[in-house]
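> So you can see what is in the structure, the chains are spelled out below.
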Amino acid sequence: MLLFIALPIVSVLVQSVHTPHEAVLIETENCDPFGCTKSTAIDQDATQALRDEEPLGRFVGLEIYFDRGHLAVKEVAETWAKAEGIGNFFVNLNNLPFYRSMAFTLTFTFSVTPLMLVFGLMIALGVNALHQRLKGVLIFFSLLPMIVSPLIGSLVLFWMIDSRGIIGSALQWIFNDPALSLKASTGLTWVMLIVYGVWHAAPFSFIVFYAGLQTLPQDTLESAQIDGASRWQQVRYVIVPHLMPLITFVALMQLMDNFRVFEPIVGFNSEAHATSLSWFIFNDLGGETRLLSSAATSSVLTIIGVSILLAPVLVRTWRDFNAKS
Amino acid sequence: MSSTHVLARKRQSLGLKMLIWGFIGLWLIVAAFPFFWTLWGSFKMEADFFSKADWMNALTAPRTIAEHGRAFIGEAYNGAWVQEEFWRAVVNTALVCFFVVCTSLTIGTLGGYALSRSNYRYTFWLLITALIFRAMPPITLVAGYLLPFFEWNLWGHLATTVIVLVAINQPFTLWMLHSFFQKIPKELDESAKVDGCTQFQAFRHVIIPVMWPGVITTGLFSFLLAYNDFAVTSMLLSKENQTMVPKIASFLGTTQTEGNVMFAVSAVVSATAPLFILVLFFQRQIVSGLTQGAVKG
Amino acid sequence: MFMKKLVLASAAILMSGAAMAECKIDGRVSIVGNEFPAIHAVADGAKTCSGGEIKANLTADHQKINVAGMTGNPAEYTTAIIANSSIVALMNEDVIRPLDDLVAQHGRALKPNQLIKINGEIMAVAFMANAQHLVYRSDILEKAGVKPPKTYEEMLAGAKIIRDKGLLQHPLGGAYKAGWNLAQEFTNMYIGHGGEFFKPGTAEVAINNAAGVATLEMLKALSAYMNPDFLTHDSNATSAEWKAGNVAMMNMWGSRMGPLKDPEQSTPQVVATTTLGAPMTVGGGSTPATTLWWDGWTVSKNISSKDAEATFLAMMNGIDPSLLNDETTPLAVWLIDGYEPTPAAVGVFAAANMNARPYPMLPYQGLLHTALGAEIVDFMQGKESASQALADVEAAYTAAAREKGFLN
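Chains as they are written, first to last, in numbering that gives the first Met the number 0: chain U, 0 to 324; chain G, 0 to 296; chain B, 0 to 407.
Source of the hints: derived by calculation from the structure; they are not laboratory data. The beta-carbon is built from N, C-alpha and C at its ideal position, and this holds for glycine as well. Don't take every hint at face value.
[To be verified] Not the full set, but computed from the structure, chain G residues with beta-carbon under 10 Å of chain B: (1) Met44; (2) Ala46; (3) Thr59; (4) Glu66; (5) Arg69; (6) Tyr76; (7) Trp80; (8) Gly110; (9) Val141; (10) Trp154; (11) Gly155; (12) Ser249; (13) Leu251; (14) Gly252; (15) Thr256.
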């Protein structure tokens, strides 16, 4: 594990403070099926000499962290200086890719995580209260959104939510608005991605909570019933405290996964309306010219972002841990 | 008195039962509908199933009937399984899943148990480190692996992919089993140790019998991760070692060719079917496994 | 029964014998490339060679693995199939070798226009061409009394008439998906306006000018006549719209024409009236607002000369004129000797005849493409002005180019 994850993290850190050498450019004449043109190319011999001197590339410190594609320190300062009022500042901040993506990522993370926890718990309680023989089938069908999601998401669901697809048409009919399109407006795209996120993640919390419910001490519950606790009170004061370690665990994992939201953005072609740090990395690595240092920087920022998000939960775990010992 | 009280409660909860049924029913529809829609559509032509004119075409299938004279066709399955040899991908997926689940559960169970029973500070930091590892976006990891794997000639093999998937999955497995073990009262193994068992014997005789809900759930997630992974498998496997998900993605590609899209749809259905059969077949084991370990506190 | 089998068997031997007439190789061949049908045909042709191991990894992710796969020594891939945009990445990393010696030895059958020369050295062998051009529905245009447009201005006027007459709500189509596709449309339109992307001889971007603003305004004007989801429509989705009969005019890739004219995939009405046109001009310019593309293969630098020779021979066999048959000919506009243009190829030929410009083969063009794809989206949604969007593109490009060492 150290080898496979610690090493890449170190190499990503190193990569994020280095950039490739200055490319030595030369005038060339290029010929292709359509004729010859004057063009520019990299002088490989000259560039190779630079590379051999410093194999890691140029050391640039935190320059990439602060450039426009990431924290954009200079641009933020300019925006701040030019802004007329705080509202105007945030509107202009939205023009910088990092802050625009943060707006979506944080909205996504903080709506999907609580919603999926609540849904998962409700489904787990519901399934647990039902007949034993049905449970296998119920569990399977409840897991479906997790099993078939990534590809179905990009193919079938994408068609279903089209304005001519079955869900899109149903929504147009419900809201009586024939021009309604989930893919055309930023707000609706966000809602769609959040709904998809909950749909996709609810089975995860469901199955964890369901397994947790099986270890619920029956006599505690019974004594609560005898004391006249209502259903709601039983859930609130017996079941939830019992599941607390699992809830913490699911919340940790979900905060992390939702912060790195990526597949739905690509699957639903919603790059125009919503981006995330993971999508930046994908975009940097996927272009014709790959931006390795920029991708590395985005990765480090992701790790930092996740650490900040998880800090409260971790502090809690730390306290529990100390209480235990 | 207490038993009548409970009975009264049971009778009283009929309305609640309806509510539960309604909620679960609704959830099942939401969860399973896209899948059944896909299953239905896999017997149609692309022009019908993905109709941009009217979604009703997916139900009535006018193009399919016009071309083939019937509303249900098996072309997509024939194409995926016979022409494109999808079964190879199925075998590869089975291998990858089996080894990923076994390896991560072995490490996870032993590690999770040890961590949950240890009071040293470093165990906490170990868990935190595991978490930070997990925060790393998988695409970055894979992009970093590519070059060394090519250079050391490790690229393309199933074994490499298994190791990478285990590494990516291990922090999760460790945390999850750690949480489960924490809920197993320490008194259990302490009393075993009082009876003269070593720590390992305590694990073997006391913990193993009650750990199944956690292990089964964790195993399920490891399985799903290996089964569904795209980022790692699509980049690290050569054509002949491809698992199902990258294979399905290759049916789609950037330039979709007529028919190939339907291969992907039928392959998605085919990829889900074995899970369905597995769950139906083993549902009693899964459910009892989840229930069996119930700790009477 | 026995006789029938014998006949079949000998027929099979004859056929395979014809295909691998002289292809004997001595070395390892490993191909990486994109996965569309024309490339599959080439790889299958290469695989008919005997004497060495031949593997092919054709995947949509080819650009993510080809550099890494050609960097090791010996390289995993002995050849990469690329286009004029993606050869740049291989050139930048210096992982492909000049082919002059191999061409002199084994490549005499190649036509001069198949040889891609960079700085005087042959770096790739092209086998197919592609370009975006006009496609229109003759029936709808006739009903509306609109002539097939020669310019984008005429296209806009025609779209207005079609909409006003109630024939179609969204008469125009286009691959305007945010990202690569949208950037490609910008590139086309900007070239049509006579714009230059960079200050000559440098990597300094220069698109925030009148041509750039006109380009954006035109793209936005066109998008008003498109399906409101246009920012999510790639070529696949746009073709699907076309086949469903929802679109009357669009600018589309020549390689997509085969499926559009395939009677199995659409209604007879749509198939019969789908007509190919030449690329359009814009803003009174004479350069068509499109780019010419080629696909070709390269040979890896980090392999033994034996493997390089084997690779060259196998790939030559892959693009042998015997490759062309009823099934493969319509797959692409081939640059191979003996190719007879099909009706689906007229658009690409028209583009070449109109002296359309090839997609720029510059080391930093890809960075600009990525920046365009991400930053002009806000303008297309009406969230900011054209000059602000162009300034954003320049800023994003500059940050990326500085990181890559193209700018200081």
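> Does each hint fit the structure? Answer for all of them.
Consistency of the hints with the structure:
1. Met44: 8 Å, holds
2. Ala46: 6 Å, holds
3. Thr59: 15 Å, violated
4. Glu66: 6 Å, holds
5. Arg69: Nearest chain B Cβ about 16 Å off; hint violated.
6. Tyr76: Check failed: Cβ of Tyr76(G) comes no nearer than 18 Å to chain B, outside 10 Å.
7. Trp80: For Trp80(G), the interface hint is violated, since the closest Cβ of chain B sits about 19 Å away, which is over 10 Å.
8. Gly110: 32 Å, violated
9. Val141: Holds. Min distance 9 Å.
10. Trp154: With a closest approach of 6 Å, the Trp154(G) hint holds.
11. Gly155: 8 Å, holds
12. Ser249: Cβ of Ser249(G) sits 6 Å from chain B, so the hint holds.
13. Leu251: 8 Å, holds
14. Gly252: At about 5 Å, which falls below the 10 Å cut-off, the nearest Cβ of chain B leaves the hint on Gly252(G) intact, so it holds.
15. Thr256: 6 Å, holds
The structure fails hints 3, 5, 6, 7, 8 (numbered hints given earlier, in ascending order).
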